[in-house]
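Novice: For the protein sequence lines, the chains are A and B, in the order given. If you use our numbering, the first sequence corresponds to residues 1 to 226, in order. If you use our numbering, the second sequence corresponds to residues 1 to 226, in order.
Any given hint might turn out to be false.
Claimed, not checked - Per the computed footprint, the stretches of chain B lying under chain A, defined by three or more beta-carbons under 8 Å from a beta-carbon of chain A, are:
id	segment
1	18-30
2	80-87
3	179-189
Note that these hints are calculated values from the structure, not bench results. As the structure is a prediction and not an experimental result, all values here were calculated from the model. C-beta atoms are modelled at their ideal positions from N, C-alpha and C, and glycine is treated no differently.
These are the residues of each chain, in order.
Number of protein chains: 2
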Amino acid sequence: MALDTRHFTDEMATLAQRLLAMGGLAEERLRAAVQALVDRDRDAIANVIHGDAAINALHVEIDDRCFKLLALHQPMAVDLRTIVATVKINADLERVGDLAVNIAEAADRYVQHPPVKMLIDLPRMGAIAEGMLRESLDAFVSLDIPRARRVLARDDELDALKNQVFRELLTYMLADPRTIEPALDLVLVSRHLERVGDHATNVAEDVVFIVEARDVRHHAGEPGGI
Amino acid sequence: MALDTRHFTDEMATLAQRLLAMGGLAEERLRAAVQALVDRDRDAIANVIHGDAAINALHVEIDDRCFKLLALHQPMAVDLRTIVATVKINADLERVGDLAVNIAEAADRYVQHPPVKMLIDLPRMGAIAEGMLRESLDAFVSLDIPRARRVLARDDELDALKNQVFRELLTYMLADPRTIEPALDLVLVSRHLERVGDHATNVAEDVVFIVEARDVRHHAGEPGGI
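Bound conformation, chain A alone:
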């Protein structure tokens, strides 16, 4: 029994470490995609589009670990919630990897046109989204609720930037129809970055759920209750 408990504890630690590695890969691909767009670097763009083998393999491995842990150890309470949340977070991180591909695909079309403008707000959005992702995963491994709540707060910042990007690109498109096609791809990139923020928000909500066994998702504006 003691041996089994130690084995379970070790496996849970490995699971957290693998999920962090998955998060690291997702962040890295996101950063590479935005940087490749800013640099108009076609090789770097192609690398992001075709470089999803590692993250896909890790996605499958983590799901597999979760199901083995559930089947072999019948965990309860916080362990059970952690493992099921890991399945969900794993799916969120895989989507972030897909969004990096979507950004690189938009970049691939964008660089076929002259630049519409200096890209300032999109890299800022990328940095915020990446920061939210990292902070949500830090909150997950430390089960740190205040940190998770900070992630939820930053989502509004990303949303405001997205609207600003949209309004600004619209003025370019109205002024010069030749910018419409490339500007549309920049709009799409801003939407992809917003969705990365949504995934980080999902992770942060899962952290609150693990700790408090309480669902915060549809009570965002409410006080903690009695």
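With chain A fixed as given, assemble chain B onto it according to the hints.
Specialist: Just chain B now, kept in the frame of chain A:
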């Protein structure tokens, strides 16, 4: 023991029935959002934007049922995979509900401008996305792999329509800059509908996983293997 088994079987049946109700709500909201856009019906648009209480409540209830089943019954094999997949599918359906809101928000902006064009392809995309969602949930309750695979195949159809919508709207924007702002909202609607298809695809992949205990997500084009 027999009593406990019967209780578990009943609970699993209720869980499936509740998930189908969740799917029904998601489909209904999606259909209402697209119809409100086509009809330029501001009341119907507002109803979709503010009408997410029922789906959110069901989302929380289903998650709760899943965790109780995992904690109280320590299910194995296909039951374990079904319950964890239900948590994931539940999250997918909740996002479809959010996408219906996003579509209604775009519609709310769109109707403030004169119509860009007759909307033919967007309702077609909506019907396909809705059909994929329904078929993926039917495949889930019957654990019907061929049906799940049909959902995966339809995703390409949705993708082709999305590209067609984009190219067509681009010609309107290039011809008349006054259409840029409303046409952009139609582009966003097509992206939201594409994402509904992605969620249906996730559900279909989960069905294959439940039945075959095998991960199809990153081997889309491969044969079954030896």
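Novice: Work down the list of hints and note, for each, if the structure agrees.
Specialist: Here is what the structure says about each hint:
no.	hint	in the structure
1	18-30	violated (count 0)
2	80-87	holds (count 4)
3	179-189	holds (count 5)
Against the hints set out earlier in the document, a violation occurs for number 1 only.
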